[in-house]
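Respectively, the protein sequence lines represent chains A and B. Mapping to this note's numbering: the first sequence position 335 is 335, numbers consecutive. Count along the second sequence from 1, add 1000, and you get the number used in this note's numbering.
It is possible that some hints are incorrect.
Computed cross-link-like contacts, DMTMM-like style, restricted to lysine to aspartate or glutamate with a CA-CA straight-line distance of at most 25 Å [as the list claims (entries may be wrong)]:
#1 A:K409 - B:E1170
#2 B:K1092 - A:D80
#3 B:K1247 - B:E1170
For the record, the hints were derived by calculation from the structure and aren't laboratory data. Please read these numbers as outputs of a predicted model, since none were measured by experiment.
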Amino acid sequence: MSGPSTYVPKSAIARWFESRLPLIGLVHSSFVAFPVPRNLNYMWAFGAVLSFMLVAQIVTGVVLAMHYVPSATEAFSSVDHIMRDVNYGWLIRYMHSNGASLFFLAGYIHMFRGLYYGSFKPPREVIWIIGVIIYFLMMATAFMGYVLPWGSMSYAGATVITSLTSAIPLVGTSIAHWLWGGYAIGGPTLTRFYSLHYLLAFIIAAFVVLHVWALHVAGQNNPDGVEVKDVERDTVAFTPYATMKDVFALSLFLILYAWFVFYIPNYLLDADNSNIANPLATPAHVVPEWYLLPFYAMLRAIPNKLMGVIVLVAAIAVLAVIPWLDRSPVKSAKYRPTYRFFFWIFVAICIGLGYLGSQEPTAGLALIARILTFGYFAFFLIIMPVLSFTERTKPIPTSIADAVLEKTKTAAAAAG
Amino acid sequence: MIRVKFSAFAPAAMALALVSALTALAQEEAGQPKPPRQDWSFAGMFGIYDKAQLQRGFQVYKEVCSTCHALSIPFRALADPDGPGFSEDQIKTLAASYQVTNAEPNDKGEIYKRTGTPADIIPRPEAYPNDQAAAAVFGKAPPDMALLAKARKYERGFPWFVLAALPGLEYQEVGADYIDAILNGYTKPDDPQWNLYYPGHKIAMPQPITNGAVDYKDGTPPTLANYSKDISAFLTWAAEPNLDERKRIGLRVMIFLFVLATLLYFTKKRIWESAH
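Kindly produce the complete structure, drawing on both the sequences and the hints.
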């Protein structure tokens, strides 16, 4: 889909600049003239939403960094200082903490869209793999960011997750001490997490650039899963069509964001994190933030510590090999009724695991967690390969244009 | 949009039933009554603090709670018009009634005490300069009350924790309800440390306040019910001084975003007409 730019600079200054650094041409060919399938639905808006949220997190984060003190003795009170004394510090802090949650919400919808419509299939495997890398970096960044306020839950969560490295045979304990900068979580851990949190945010931005670049080579997938055949009939220009649609979708997302920031800013905050970290006082229920709960449930479901860590890593790593697990020639679940059924079961499994992650593990709940963990892996390792060969799919449309015309015909017939 | 077939609802319904059953399982093992929900002036989308209530709450803190509990907020915060709204003179007088340790030593190198100013943080109870000293006397250090209302919660279970996020049903006053419940929860006169609402029922703090303990000057009845409401509201303010401003700005932001979304919707529709 990408080729030489069709941009022709109109003014002399633009020609001068363009011949030295073809930046305007790049923006023009990527976000103005870029052909976009005309049948995209609102599930495709979350890429733009995520880009906005990444910028929002970086901007609010940089401002917070001007007031935050990354020291074990002063971190908690510096956050309190931001909330009480810094002009609109409370707003920036709430935007950053709730922004992280909304970043993950948009991210999960974006990923589930990919699973549903087969956006990971050839030729988009690299886009998908870069996406999995971004997801992993997001989790690392969010985890380290949560430690920074140095609350009770920050400390407990950091201890739980970094202790996992001690499960590695032979070198595990040494690795844990190296990560901690001591024999337990402490000041050195906080300062290095701060440094890495700031760094990873920009590493994510770099991978997002690669993600969009790879996307612009292959072009977007679409809800019908049929590749673009005729640029004239099947696509529309990015600007103004996709631009305005994305901006509208973003404005709706911002309403949700504003609702959290202004009216329920503490809804996702665990009350225990308003107590300062105390190594001698662990919270009654140690839980991570909601977006990490399914993996927390999987970790706790496995009785053996090392196996639990392996399952945890495998749960994310398996995402990267999906392009080779699902070989169905039909991309979109719109035309794959059996896959669609299992897809929604998978969504229910993820929500179920998330809920279990928030609860104390009793014997009954642990059994259910194990069943759901098995279900999670079964979707990728059993359902996807089996359905690739055995599924009876519905006939797919011949082209995007035909799919759109079909849809308008059905809508007119229903109305008329 | 994704067309969801009826058969897809089956797994969703199963998940819902599963989660409800799990919650019931989890709650049976608690056996702990939940703090009742109270009416607060600052609840809901348009709720704000009641200045008079916050001033009474501060009086309760000063006369009762400050014996053991610190409240690490600056004196000047009490003059916040969105908060208790005391006058500058009242705050100056209040601060001057305290002796505050100066941050820097004097020219001779001695740490010294001076009269407080509005810029200073309200000092800890003099008898307990740090948590260890307090724990030595009480067994457990009385927590600093600056963030107490944010640091306390109780489990509500499914589906309440989902509903608590929805407009109209939102529930951000968990801490206030908890504190109010604790203060009214000393239901066993023969066991001063038994509390109905405290998890496990054994609380380190014996009943701190009873009817008639504080003389209200504005005519409000000096009952435990009023004391606990007022101190809970005050502590919520101490933990969330930005609430009034936050909701004020929030309303303007929401109106702006709704208008923007509407305009963008019609713009998008107009632009896409030419694509069909």
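Each hint tested on the structure:
1. A:K409 - B:E1170: 43 Å, violated
2. B:K1092 - A:D80: Holds - the C-alpha atoms of D80 of chain A and K1092 of chain B are around 23 Å apart, at most 25 Å.
3. B:K1247 - B:E1170: Holds. K1247 of chain B to E1170 of chain B sits at ~13 Å (cutoff 25 Å).
Checked against the numbered hints above, the structure breaks only hint 1 and satisfies the rest.
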